Every structure is written in C-alpha cells, then in structure tokens.
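Engineer: Chains as they are written, first to last, in the working numbering: chain A, 1 to 124; chain B, 125 to 512.
Simulated from the structure, these hints should not be mistaken for laboratory data. Given the structure is predicted, the values throughout are model-derived calculations rather than measurements. Glycine included, each C-beta is placed from N, C-alpha and C at the ideal position. Check before you lean on any hint, since a few could be wrong.
Said to hold, decoys possible - Computed list of lysine to any residue pairs in SDA-like fashion (alpha-carbon distance at most 25 Å, straight line):
1. A:LYS5 <-> B:GLY440
2. B:LYS126 <-> B:ALA442
3. A:LYS120 <-> B:PRO506
4. A:LYS42 <-> B:LEU507
5. B:LYS127 <-> A:SER3
6. A:LYS5 <-> B:LYS313
7. B:LYS127 <-> A:MET7
8. A:LYS5 <-> B:LYS397
9. B:LYS397 <-> B:ILE491
10. A:LYS42 <-> B:HIS233
11. B:LYS313 <-> B:PRO506
12. A:LYS73 <-> B:ARG500
13. B:LYS439 <-> A:LYS120
14. B:LYS439 <-> A:LYS73
Said to hold, decoys possible - Computed beta-carbon distance windows for the label pairs:
15. A:ASN30 <-> B:HIS405: 14 to 22 Å
16. B:GLU285 <-> A:ASN30: 37 to 45 Å
17. B:GLU249 <-> A:LYS124: 26 to 34 Å
18. A:SER11 <-> B:GLU249: 30 to 38 Å
19. A:ASN30 <-> B:TYR208: 41 to 49 Å
20. A:MET7 <-> B:ALA389: 33 to 41 Å
21. A:LYS124 <-> B:ALA235: 56 to 64 Å
22. B:ARG379 <-> A:ARG14: 26 to 34 Å
23. A:GLU70 <-> B:LYS414: 45 to 53 Å
Given next are the chains, with one letter for each unit.
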Amino acid sequence: MYSEKVMDHFSNPRNVGEIENASGTGMVGNPACGDIMKLTIKIEEGVITDVKFKTFGCGAAIATSSMVTELVKGKGLDEAEQISNQSVADALDGLPPVKMHCSNLAADALHAAIEDYRKKELEK
Amino acid sequence: MKKIYFDHNATTPVIEDVFEAMVPYLKEQWGNPSSIHWAGRGTKKAVEDAREQVCGLLGCTPIELIFTSSGTEGDNHAIKGLAYARKDKGNHIITTKVEHPAVLNTCKHLAKDGFEITYLDVDKEGLLDLEALKNAITPKTILISVMYANNETGVVFPINEIGEIAKERGVTFHTDAVQAAGKTPIDLKTLNVDLMTISGHKLYGPKGVAALYARRGVRLIPLIHGGHHERNRRGGTENVAGIVGFGKAAEIAMRDMDAELAHLASLRDRLEKGMKERIDHIHVNGSPDKRLANTSNISFEFVEGESLLLNLDMKGIAASSGSACTSGSLEPSHVLVSMGMSHELSHGSVRFSLGRSNTIEEIDYLIDIMPPIVERMRSMSPLYAGAK
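Same shape as in the complex, but just chain B (with noise of 0.2 Å):
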C-alpha cells in the first residue's frame, strides 16, 4: 500500500541534502565545539555556519540567535525568561486562547507563580480583535504572546500590527513562529518581534533542535543554568550534528520559499474543492485567506475525527485531528471550541497538512477515498439521521 503523508505541521521527513550535512558531525567531526584545540574548531565553526543560515531564514543577526533542544523550550525560556527579568516592572501577561500547549502551559504555570495571564478570545474564522488587545494592555503588562501562526487552523495573525502595538505601549513582543517558518516569508528586519521560537523538524530538519530569537537588549533570565554555551544564554553542550541539519533546512526552506508556497496552495485549493464539491455538511476551518498554504481542517458533520483518521490510516494515509479522542484527553480541540464551534463539530475535524512531496496524485487519491469513508460513518452515527 501506498503511504501518504499530509500531517506536516505534527513533523516533517528529514531531507536527503540535510541528512547528508549531518553525517560528518555523527562520525568524524565529534569535537566540543567549546574547545580550543583541533577537535572542537570545526565543530564551532560548523554552529556558527548553521546560526548564519537560521539568521537567513528570519532576517536576524547571528548575535540574536539562541540554539534549544525543541520550540516547546524556546517557548518556555521566552515566556519565562522575560517575565522572571521584567517582574519588578509589572506581572501582566497576555496571550490568545488558541495557542499552543507549550505557552498555554507555560502562562498557566506563571499564573500559579502570581502572574496574571489575558487570555485574548478569536473570532468563528480564528482572527484576533485588535482593539480587545489594546484595551487588554495595562501598565503592568511586560509580555504579549501571540502565535505567528496556528498549528491546527493554519490561521496567520498580524504579527506586524501586533508588534507596532506592543512597541508603542512598551511591551515586549514573543511570537511562536513554529508553524510560519518556511511556511511564509519572514523578516525580523522589518517586524517589531522581541522574541520568536522556531523549530526545525518542522521545516524538514531533524528533531531535538530548534531556536529561540532574542532581539539585541531584550534581557532574558535563562531557562537552563549552566556553562557559557549560547553566550551565557543557554548552557548545553551544542547538538551539533542536529545544529548543522537545522541550518541546511533552513537555507533550503528560504532558497525554495516562493516555488514551495506556489504548490502548496495549489495542492491546499484542489484539496478543499473536491471535498467540498463530494461531500455534503462539511466545513473548512479558519479565514480563508488569512492563512498558511499547506492547512486545511475539515469538518464533517455526524461523524467523529479518530475514527475518520483510523479509516484514512488504512489507506495509508497520515492526517491528523481535533478530536479529544487523538490527544489523550476528554476535550476536543481547544482551538476549534474557541472559534465558537459546537463539541460535535470540533469532534469530526481533520487537519491536511501538506508538505513539500505530496502530489496532485496525492490529493486526487484523497478525495477519491474519502467520501465513501464519511458515508460509511455517517451512517452509522446516531446523529446523522434525518439530517439528509
């Protein structure tokens, strides 16, 4: 049977060039990169050529680059670092309702810690009002968080008018870039962004690496103590092998941005156009057209999204849902409940997310194979009858 990946933005296949730049750091070029001598030379070097080829992607100085194991960490060393540095100036955080666990977490642990956290409501398309967060703002704010874009929507927020509000009410800005990077253009020249967390097996890299970017004076108290890694910011001996895969992915993502995003969107469209014109009750999720290129949720009335999953799985295709029944607990989709829908319709979800070697093929297959499946839940579900 044929496999069939469309749940890029849950991970991403590691490319071939990137694999490749990696192997010399797995076996012949295994120095500290904090060493003097010969062993640890080109391993620094190969760091600091990997920052360089991050710094490409996001239009940032190398300076302002921190190296971290995963976003989630990224996530937490921004959101915690700033507000244990800022906490004389003020307890007030405001985020969204919509993001993702590791600042939701994150806020919440704060908030046990004598923070109080804002939580910014979204719109049935998932857009945020921008008046709400004005007026949200107080002199005690230090921190706003808001998502660049949303992992299971695909929804991209207006991180630019955002950051022209936090400058001008003195705030600082962290946005969780892990979704947009690679997925649309990004330039930290001309966004006023403090802090951004990136990823980089989302944007086909390995796991276990990613980076956090701190604007030059954004003063952050670090999440891991330890040596005089990262400029005193982040202390670890640098996974370095995992360091130079994430740098080739990004000088690939940022060389084939344009031609990727061309395809992606027209894969996305034909994905969406033919489910809608062969199933009936159905809903695409999230604005659309302020959104990522390779997202699409779905959802389908009466039925539930595991099972719909289970059914594509064996086909042998890999997608993912919204259903509390795929992320172990009782409560569906806190994304897709905040955009007001009803728990049934957040239940029968599924995210497409598409990625650099899906086909036409691919998504013709797809919607060959998926209305039988709807139609055969459908008429099992308690829920469907009558509504024909």
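If we strip away everything but chain A, and leave its shape as in the complex, we get (with noise of 0.2 Å):
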C-alpha cells in the first residue's frame, strides 16, 4: 500500500532526533489521531541549516517527517513556507488517500516551527 519512496524513509528515517538550543519548534498533531510530530530547526542568516525530527506515529508520519527534512535542509525560509502538505507526499510518490488527512503533518509542523522562530525573533 506505501510507494518504495515511503517505505524507504520509513526503514531509514533521515535526520531522526532534536537540536539542542533550536531556533524554532513545531509540534503539531495529537495522541487521539495517532500522530504527533516534532520538528526542530535551526536557523542561520534567513537559512536552515538544520532540521530533526521525532515522531510518534504510522508508517506515513514517520516517512513524511524524514521527508520534509530532506526538502527543507539549505533553504531560505520564504522558500521553506512554500512547501505544503501535498508537496511533501507528491515527493514520495503519493500516500494511501487515507493517509492523505490523518498522518500528512510534517509541512505543518515545518511551518509551526517557522512560525516560533518569528514569534521568537520579534521578542528579542
């Protein structure tokens, strides 16, 4: 039912874990759903120059959270909030439909954490 692209991300998850001291956190998602995502990410100069995550969830949380990683790695901000949902799973070659509404977090939490990393800005 999952394409090689999920399968693979799901058996070998890229940049699994949390930075220390990020720049901005997102979590998004709850228990009741089945998923709840974590991304952290640093940021240097309007750039993320790192991204990790962990995630609590099926096999499609867990390969589009490996997989938004991947996308956002190196890119300007303005850029990173472009990345949607759908870009994410069209970058694994699709997800179940079923899929597509429960466990097809990881642009969300991207964005969540984009969105700390202003609030956070604005404070200083």
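Assemble the dimeric complex from its two separately framed chains, guided by the hints.
Structural biologist: What follows is the structure, given as structure tokens:
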C-alpha cells in the first residue's frame, strides 16, 4: 500500500532527533489521531541549516517527517514556507488516500517551527 | 526470509485435508444439490454430510444449521431476521460496545429503522457486568446479542450465564461465535443460546462459507429471499465445495481440540512472558484468565501500532493492530477504547493471534526481534523523552 519511497524513508529515516537550543520548534498532531510530530530547526542568516524530527505515528507519519527534513535543509525561510503537505506527499510518490488527512502533517510541523522562530525573533 | 503468520484471528490457511476434501466438488461433482437426478444426488449428500460435521462441533441438530456466505451474513441474518420477526413484541435490542462491526453496524442500521439499541460497557479487563445486562432488559427487549469471544483481545464472555438471564426474561439470545468456534469447546445442548454465528475461514476452512445456528422454534425473517434452499431460510444455490471444506475443517477442529488448545496456550504464555521480560512499558490487554488460548493483545507505550507492524512485516512476521492507521478510520480500536484505554495506548497495540502451525521457534524469533524494533521506534518518538 505504500510506495517504495515511503518505505525507504520509513526504514531509514533521515534527520531523526532534536536540535538543542533550536531556533524554532513545531509540534503538531494529537494522540487521539495517533500522530504527533515534533520538528526542530536551526536558522542562520535566514537559511535553515539544520532540521531534526521526532515522530509518534504510522509509516506515513514517519516517512513524511523524514521527507520534509530533506526538502527543507538549506532552504531560505520564504522558500520553506512554500512547502505544503501535498508537496511532501508528492515527493514520496504519493500516500494512500486515507493517510492524506490523518498522517500528513509534516509541513504543518515545519510551518509551526518557522512561526515559533519568527515569534522569538520579534521578542528579541 | 522465513514467513511467520501470527494473524489467525483475521483468517487461517486452508489445511491440506480440507483442500483435498473440496477438490472433487470443484471438478467431477458439479451438480446442483437441488436437482433430483444423478448429477445432484452426490452434491446433496455432500452438503448434508458437511452439515452433520459442523453440527458435531457445536452440539446442535442438522435442521438447526443454515449455511451462509460469511460470518457477517450470519450476524445480519440473526439480528435483522429476529428484529423484523418480533417487532410486534418490542423494538429493543441489547448488545455490547465491543462487538464486531458486523453486529455493531447492523444494530446501527436498525436504529435508523425505529429500533432502540443499548450498548453495554465493558470494564478494563474487557468483561461485562451481568447486573447491568439484567437492568437493561425491558418489556420491549426482543434480542440480546453478545459475542462469544472478542476478536481483538480474545476475552471470552459468560455465554452460559447470559443465556440463563435471556431465557428467564423471555428474550432471544444471539452470540457471534466467529472467533470462538474451534478455539474453545462449544456445546449448544447445554447453552441457552438461540442464535449463533460461526465462520469457516477462521477454523482452517475456505473463505466464503459460514453458518448460522437457529434453535428450533426461533423464527427469523430471511435475509436473502429466493428458492427453497436451506429449508426456505436462505436462498441461493449452495457453495458445495466451500461447505464440504467447512465440514471437514469443523471435524478436524473437534478432533484436535484438546491438543490444539494446550499447544496454543503454551505458545501464548511463552510469547507474553518473553515480551514482559525483555521490553518495559508494555501491557497485555484483556482478562488474563477469561481469554482464548490463541490471542495476545499487547500495548507498547510511546509507539504506534502500524509502524510496529511494518517493522515486523519486514522481518517476515504477520500480525495486526488496534491502531486507526490499519483500519482505514481515524479512530483507534473501539474495543480497547471501550476498555478505558487511552488513545495513545490503543494506537500502540498489536494483536498476535496464534494457530496450529506455529512453533516455539517462531515465538522465540519474535521475542528476539521485537525489543530492538520497539527500542528504535521509541527512540524516534517525542512521547518517549523522559519516560525512562
């Protein structure tokens, strides 16, 4: 039911972990749905130089988390904000329809992390 | 890679003797059992012989057994058939929150058609409160439908006691025994059960064949109207080869019952002991002593069931999960949630359901590969941080 790319990212997830003193943290999902994603990003001069994730969830949840970290590394903030849940799913050669809504939250986690960073910047 | 099957509550492989028994009815014995000529006589006898074999497993008489196409059909037939036959007497049906969807969604359908449904709670071990059942019965109650054994946890309900209560109050009692048949001794001669559903493919028979027991004198409106098949109770030319296979499977289940149950219980206990010794933060779900011998439902904290299943599948192991992600819905197992389990923990449950071909070596392989899988998934889980 999953594409080869999904299974690849599920079996060998990229960038697992948490960045200490992250520039921004995004946490989305809830236990009732069975998916929780935590994304931490490091931003230097407007560019995402490092990103890590931790995810509680199904195969699709883990694969989308892993994929979004690959998509976003080295990107500027404006460009990163263009990444959508759909583009993450597309990069994985698609997800089963039932997973599109429940387990496709990685871009949301990314946007939450960027928002967190921007809020912190304003407070500085 | 060796393939190991721990999902026997989903379905079972057809065993060799069953297959061999079916073959003639897919080749030279192709006649219609309703025909009076030479082509039909042999198949008619084969169907009736199979009926005797299935009755042997349940302890009922042949005229009380209706062959159907699936357990789902049997549940629909029993519940709708009884509800519509007795709607003049009342419109109230009692069932439980942990039934199979074949029962729950049939009741939900009847609720739209003017019937009132009471869904009984279970406690954290998955057990029913019989006082609550007694209190739920009203003069309008026409049917109690309680499963014999739960498909997810293997918890066995007190069918004898429920039957006594139903009989005393003049209420018809249906039990979905799809998971119980072949996995626990059943004797309808001593049980106050009026209607019972069982299915062939859960006991090493083929798919597409099942049976509904309807006690003599219990009137049902047919679900499938048609010819005079099954004594006018279920239209449709008989699935002869399937019925023959089902009969053979029932005969073997009865013959091997004692040895099989001892084998399954020892494997199940070894599995649970091994898991508990090697993995922390796990819970075995369901009443420890009122359970089928073959079913082990385990929750692994901080991880999600489908990702565990994918990891197991990569190692050749087939199991199933109470996670929403494996059922195509957004909700985790209604059974585990009804037992008061948190959503996280329900999502992290895996069901291992064992069968006759499983071995100690297979259990030991599972116990060896499971700890690193759980450890890896936990190391990726944001819920695990600090839980150690």
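Engineer: Now look at each hint and say whether the structure bears it out.
Structural biologist: Each hint, compared with the structure:
A C-alpha spacing of about 20 Å is found between LYS5 of chain A and GLY440 of chain B, which places the hinted pair at or below 25 Å, so the restraint holds. For the hint pairing LYS126 of chain B with ALA442 of chain B, the CA-to-CA distance comes to about 11 Å; that is within 25 Å, so the pair holds. Of the supplied pair hints, the one linking LYS120 of chain A and PRO506 of chain B holds, its CA atoms being roughly 22 Å apart against a limit of 25 Å. Proximity of LYS42 of chain A to LEU507 of chain B is assessed by CA-CA distance (about 22 Å); at most 25 Å being required, the pair is judged to hold.
Distance check on the hinted pair: LYS127 of chain B and SER3 of chain A sit about 22 Å apart at the alpha-carbon level, within 25 Å; holds. Annotation: proposed proximity of LYS5 of chain A to LYS313 of chain B is violated, straight-line Cα distance about 57 Å (limit 25 Å). Our distance criterion of 25 Å between C-alpha atoms is met by LYS127 of chain B and MET7 of chain A, whose separation comes to about 19 Å. Only pairs whose Cα atoms come within 25 Å are accepted, and LYS5 of chain A paired with LYS397 of chain B is rejected, the gap being roughly 37 Å.
Only pairs whose Cα atoms come within 25 Å are accepted, and LYS397 of chain B paired with ILE491 of chain B is accepted, the gap being roughly 9 Å. Annotation: proposed proximity of LYS42 of chain A to HIS233 of chain B is violated, straight-line Cα distance about 54 Å (limit 25 Å). Distance hint between LYS313 of chain B and PRO506 of chain B is unfulfilled; the C-alpha atoms sit about 55 Å from each other, more than 25 Å. For the hint linking LYS73 of chain A to ARG500 of chain B, the alpha-carbon distance of about 24 Å falls within 25 Å, and the restraint holds.
Taking the CA atoms of LYS439 of chain B and LYS120 of chain A, the gap is near 45 Å; set against the 25 Å cutoff, the hint is violated. With a C-alpha separation of about 32 Å, the suggested pairing of LYS439 of chain B with LYS73 of chain A is violated against the 25 Å cut-off. Range check, ASN30 of chain A to HIS405 of chain B: about 20 Å between beta-carbon atoms, so the 14 to 22 Å window is met. Between GLU285 of chain B and ASN30 of chain A the C-beta distance comes to about 40 Å, which sits within the given range of 37 to 45 Å.
In this structure, GLU249 of chain B and LYS124 of chain A break the distance hint of 26 to 34 Å, their C-beta atoms being roughly 55 Å apart. Separation of SER11 of chain A from GLU249 of chain B is about 37 Å and conforms to the stated range, judged on CB atoms against 30 to 38 Å. A C-beta distance of roughly 42 Å is found between ASN30 of chain A and TYR208 of chain B, which places it inside the suggested range of 41 to 49 Å. Between MET7 of chain A and ALA389 of chain B the beta carbons are some 36 Å apart, a value that agrees with the proposed interval 33 to 41 Å.
Roughly 59 Å separates the CB atoms of LYS124 of chain A and ALA235 of chain B, a value that falls within the hinted 56 to 64 Å. The hinted range of 26 to 34 Å is not satisfied by ARG379 of chain B and ARG14 of chain A, whose Cβ atoms lie roughly 55 Å apart. With their beta carbons about 50 Å apart, GLU70 of chain A and LYS414 of chain B fall inside the hinted range of 45 to 53 Å.
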